[in-house]
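Got chain A sorted already, so can you dock chain B onto it with the hints?
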Amino acid sequence: LAKTTQPISMDSYEGQEVNITCSHNNIATNDYITWYQQFPSQGPRFIIQGYKTKVTNEVASLFIPADRKSSTLSLPRVSLSDTAVYYCLVVTNQAGTALIFGKGTTLSVSS
Amino acid sequence: GAVVSQHPSRVICKSGTSVKIECRSLDFQATTMFWYRQFPKKSLMLMATSNEGSKATYEQGVEKDKFLINHASLTLSTLTVTSAHPEDSSFYICSASQRGSQYFGPGTRLTVL
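Protein chains in written order, with the working numbering: chain A, 1 to 111; chain B, 112 to 224.
These are calculated hints, taken from the structure and not from any lab test.
Since this is a predicted model, take the numbers as computed values, not measurements.
Where is the CB? At the ideal position from N, CA and C, for every residue including glycine.
Any given hint could be a false lead.
Pulled from the structure, derived: some chain A residues nowhere near chain B, Cβ distances all over 12 Å [as the list claims (entries may be wrong)]: (1) Y13; (2) E17; (3) N26; (4) Q49; (5) K54; (6) D67; (7) R77; (8) D82; (9) T92; (10) T106.
Under the rule of at most 30 Å between Cα atoms (straight-line distance), these lysine-lysine pairs were calculated in the DSS-like manner [claimed, not checked]: (11) K3/A to K166/B; (12) K131/B to K152/B; (13) K103/A to K153/B; (14) K69/A to K152/B.
Partner residues are not named here, just some residues of chain A that face chain B (Cβ under 10 Å, in silico) [what the hints assert, rightly or not]: (15) S41; (16) Q42; (17) F46; (18) V91; (19) G104.
In isolation and in its complexed conformation, chain A is listed as follows (with noise of 0.2 Å):
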């Protein structure tokens, strides 16, 4: 599996629009990237999902460039309620294969 790295933290104000980015070197070739959402004492809440270049759904976008090595969680215009730790995965989406998840980044919106 490929291991990520994502920054620990962030901080951001309202209405703001946040990148979170990924760096996957190891990433194969069927492996997919996917984030989740976590709020305290919640379980993770899928984002989104992408291959190659853009995807965007009605909460995220996200950017993959053509080598894959990395990728960025776009959040447009972020308010509080977006206050959680994002977790950035690389997966194979086969049935039965395990997700491992690194250490997340802390997201703080302030008002």
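Frame of chain A; chain B shown alone:
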């Protein structure tokens, strides 16, 4: 979307007792479920992989006789913490796999006095 539930959401028990935590996939069948443990301000740590109808696969360092896992049906996996001690106090989270995606339960807060 796929929903995974856990019961109970929190439990307090005395040292030496056993506690059972249930993980259910509510609207889909999951041949594989996973159990994680999370200590305060730490990341999730995979404990074991639960396979329906067969024995669970435990991660290195996780005592299988202490953390009993049973996956008796395609929608239910249970984790029993036997002879619990204060150091077992933690947040236990399960997940279920469907078509390559994983869905997490809300977690169970275990406090051992």
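Verification of the hints:
1. Every CB of chain B is more than 12 Å from the CB of Y13/A (nearest about 23 Å), matching its label as outside the interface.
2. Look at E17/A: its CB is around 25 Å from the nearest CB on chain B, clear of 12 Å, so calling it non-interface holds up.
3. With a least CB separation of 19 Å from chain B, N26/A remains clear of the 12 Å interface cut-off, as annotated.
4. Consistency note on Q49/A: stated as away from chain B, yet its beta-carbon is not over 12 Å from all of that chain's, at 8 Å minimum.
5. With a minimum CB-CB distance of about 20 Å to chain B, K54/A clears the 12 Å threshold, and the non-interface call stands.
6. Interface exclusion of D67/A from chain B stands, the closest Cβ pair being 24 Å apart, more than 12 Å.
7. With a least CB separation of 24 Å from chain B, R77/A remains clear of the 12 Å interface cut-off, as annotated.
8. Residue placement check: D82/A keeps its beta carbon more than 12 Å from all beta carbons of chain B (closest about 18 Å).
9. Consistency note on T92/A: stated as away from chain B, yet its beta-carbon is not over 12 Å from all of that chain's, at 8 Å minimum.
10. A cut-off of 12 Å between C-beta atoms contradicts the statement that T106/A is not in contact with chain B; the least separation is 9 Å.
11. Under the criterion of a C-alpha separation no larger than 30 Å, the hint pairing K3/A with K166/B is consistent with the structure, at around 28 Å.
12. Distance check on the hinted pair: K131/B and K152/B sit about 24 Å apart at the alpha-carbon level, within 30 Å; holds.
13. Between K103/A and K153/B the CA atoms are separated by roughly 7 Å; this keeps the pair inside 30 Å, and the hint holds.
14. The straight-line distance between the Cα atoms of K69/A and K152/B is roughly 27 Å, inside the 30 Å bound, and the hint therefore holds.
15. Against a cut-off of 10 Å between C-beta atoms, the interface hint on S41/A holds, since the closest Cβ of chain B lies about 6 Å away.
16. For the restraint placing Q42/A at the interface with chain B, the shortest Cβ-Cβ distance is roughly 6 Å, inside the 10 Å limit, so the hint holds.
17. Interface hint status for F46/A: upheld, as the beta-carbon distance to the closest one in chain B is roughly 7 Å, under 10 Å.
18. Contact between V91/A and chain B, as hinted, is supported at the beta carbon level, the nearest pair being about 8 Å apart and thus within 10 Å.
19. A cut of 10 Å between beta carbons decides the hint on G104/A: the least distance to chain B is about 6 Å, and the hint holds.
The structure is inconsistent with the numbered hints 4, 9 and 10, although it conforms to all the rest.
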